[in-house]
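**Student:** Based on the hints, put chain B in the right spot on chain A.
As given, the protein sequences belong to chains A and B, one line each in that order. In terms of this note's numbering, the first sequence has 276 at position 276, counting the first letter as 1, and numbering is strictly consecutive. In terms of this note's numbering, the second sequence has 1020 at position 20, counting the first letter as 1, and numbering is strictly consecutive.
Think of the hints as simulated: they come from the structure by calculation, not from any bench. Computed from a prediction, not measured in an experiment: that's the story for all the values here. Treat the hints with caution; some may be incorrect.
As the list claims (entries may be wrong) - Reference listing, derived: stretches of chain A covered by chain B, where coverage requires no fewer than 3 residues with Cβ under 8 angstroms from a Cβ of chain B:
1) 38 to 51
2) 184 to 198
3) 203 to 210
For each residue, glycine too, the CB sits at the ideal point set by N, CA and C.
The lines below spell out each chain.
There are 2 protein chains.
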Amino acid sequence: MSEARRAAVVAVGDELLRGDCVDSNSGEIARRLAQLGIEVEQFLVLGDDRRLLAKAFAELCSAHAIVIATGGLGPTLDDVTREAAADAARVPLETDATVLAELEARWQARGQPMPASNARQAQRPAGSQLMPNARGTAPGFRAWIEGGMLAALPGPPGEMRHMLESELLPWIERTCGRGEGLVSQSFFLAGLAESAFADRAGDWMERGANPRMGVTAHFGVLRVTLRAKAETQRGASDLLAARCAEFRARFAAEIFSEDEPRLELALGRTLLEGGWSVTTAESCTGGLVARLLTDAPGISAVYREGWVTYSDEAKVARLGVPRELIAAHGAVSGEVAAAMAAGAARASGARAALATTGVAGPGGGTATKPVGLVWLGLALDGAVQTRELRLAQVGRDSIRLYAAYAALELLRRALQRAAPRTD
Amino acid sequence: MSEARRAAVVAVGDELLRGDCVDSNSGEIARRLAQLGIEVEQFLVLGDDRRLLAKAFAELCSAHAIVIATGGLGPTLDDVTREAAADAARVPLETDATVLAELEARWQARGQPMPASNARQAQRPAGSQLMPNARGTAPGFRAWIEGGMLAALPGPPGEMRHMLESELLPWIERTCGRGEGLVSQSFFLAGLAESAFADRAGDWMERGANPRMGVTAHFGVLRVTLRAKAETQRGASDLLAARCAEFRARFAAEIFSEDEPRLELALGRTLLEGGWSVTTAESCTGGLVARLLTDAPGISAVYREGWVTYSDEAKVARLGVPRELIAAHGAVSGEVAAAMAAGAARASGARAALATTGVAGPGGGTATKPVGLVWLGLALDGAVQTRELRLAQVGRDSIRLYAAYAALELLRRALQRAAPRTD
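Okay, chain A solo, but in the shape it has when bound (with noise of 0.2 angstroms):
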């Protein structure tokens, strides 16, 4: 990628750096750019001060193609995106006729007179290309500034996307073409911590490779993506398919999506199209496991019901678990996990059950059974395994999350082997 086509993100607004709200237009806009095929370097959030922002613009300006900025151009005084602009672009302001001319309309069409404050937003720094905004007041603008571009959109996400979408993008496209040779594929994993992935990735993971690879995990669950560069798309597009290849072969048993991101949505597609009926028998995620399978949409289809059996009594009463096995080997235990899970089974009459029981802590531990140690069960056509968790020391919600994402994959790596892919 040439560096005229790297890209910089502003967003502006006391509100996001006091951290009252988030930034969520800044990774919309590196989405966008990114399928032009322009790299977005940097993201940077500024508050409403003018002199900060001016700099920032003419720095970014200087070594980026590409500056797009978001927010800071209401009605009111502490929004100072176009005076720093134009105080960057070393040019005055000026009010647009026509853009006055609209807003005094507007009000006019509610019967009330403009609020003179309202007249900043005809303004914009002289030279600069207006981009119209048909969601709002407040118009964006193009701005040149030390053989940067620096474009302003509202900071509104709906604002945002819709000038976005129908005036900068289109302008940048005829403008810069579209960029060649850079094209990604995500695959989504689970069953495998973070660094035993590192290990059987190896060298596919060094910085200099060619697809490069990113991996980022969320309590078991793997993302990865690989991002091939060449002269030309059909190059990219080459290296980027042989290396999916041989990252499919490699990972197969733990690649549960290249499109679903969330393991429990990509279960519940798998149960939906198995005809697969499911319930749940949760000790220590105490309603995590049934929650997680309730996200996907259409799973009543499956799921009937499930049973949070937080005590000894519940276990027994509900789930037909033997009081003496829990004596026997205590409530957190293989046996106890096996017994749930065939019991919810057996209530039930589904083919699929889930069980749980841990030490979520903080309380609870013992020396041999501390806090993170977590039995999950499964029950499926009668045949009934069990899986021992010894979890870190990660708190009692991570904890939970660990163990319920564990008991997902349990259930999906067995249905992967009841019915093989044959893809």
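**Tutor:** Just chain B, lined up with the frame of chain A:
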């Protein structure tokens, strides 16, 4: 605010720059620093690029006394925050023998050899100070660069938050002292829309107000922060105390906590303190209410069991809901919500029972029972009440979250009335 008390926050990760996920860490760090009187001047988001990170760390540390980075501390080769910090400080990386031994012990406890890549997590820039990670495997560090301090924290929010609270903020407070004349107080409210709150808060919310008020909403739970500024700490405290007293009076019914942001944990505390046994019977929320209740440590003393009764048959078989009631009113009705709550209380013997039934979508809506319609039921010591929610079409996940928090709030209000606060 002196220049020396200005800070910058950096979020590191290709996944952020690609727009695959949103950086929520930086805002959280800014909110906590503000409570120490430290103002954040910018957030920067950068990819896993050693050269760009080293350059940014050096530049930011020369302009700010405090620079806090999150992310890029994982075991894989694409995590390069350690290397970049060492480059910026112009020192080599060194291996911490204690950390390495701990990492090896952790893997040994799981009965597995440590993957070679994990050893990278024991490295940090020579001369830096270790910050242990109680929630994960990646320790953080404080390094001195160009006259500023760079603190590197892990990226996963749970790990980041714990290290921030237990390691970094206490150090900053000891080292830098508290800013004078800036004090703040938070309140946590439920059962009030953000706009309804704004109407009732009136001119307290104006931008120039002192104390200044900020509010953020999360599925019906509001966090309101009041920040007072004055020449002296005493002056600011007086201003704040006066407004807090008015605030407590105006929002007495809605405030559920002044220290616990999570409604489920505050409610768990109330249930445990009052010895209120509780159960759940969920249809549309599918285990989410149970999961939230069991997020509270020690809740097993009052929460023994719960049901996910997704199908009509399960409502009949497990909760004793009369089949005719479902036929007459439909499963999504106040009548069925009431019968579910009463049935769950009866079956479990708990004093309190929460029930949910609704249309979470995307399918299943009708003209009379649209997506977003949810009925809540509560049985408390034999008295049953119901509440109807008509939620906007904000998506399946959000509808379920709003419904679950509204159910918890229904119980909290009922307990508040049953045992009014005497303080």
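**Student:** Now, for every hint given, state plainly whether the structure supports it.
**Tutor:** Evaluation of the provided hints:
no.: 1; hint: 38 to 51; in the structure: holds (count 8)
no.: 2; hint: 184 to 198; in the structure: holds (count 6)
no.: 3; hint: 203 to 210; in the structure: holds (count 3)
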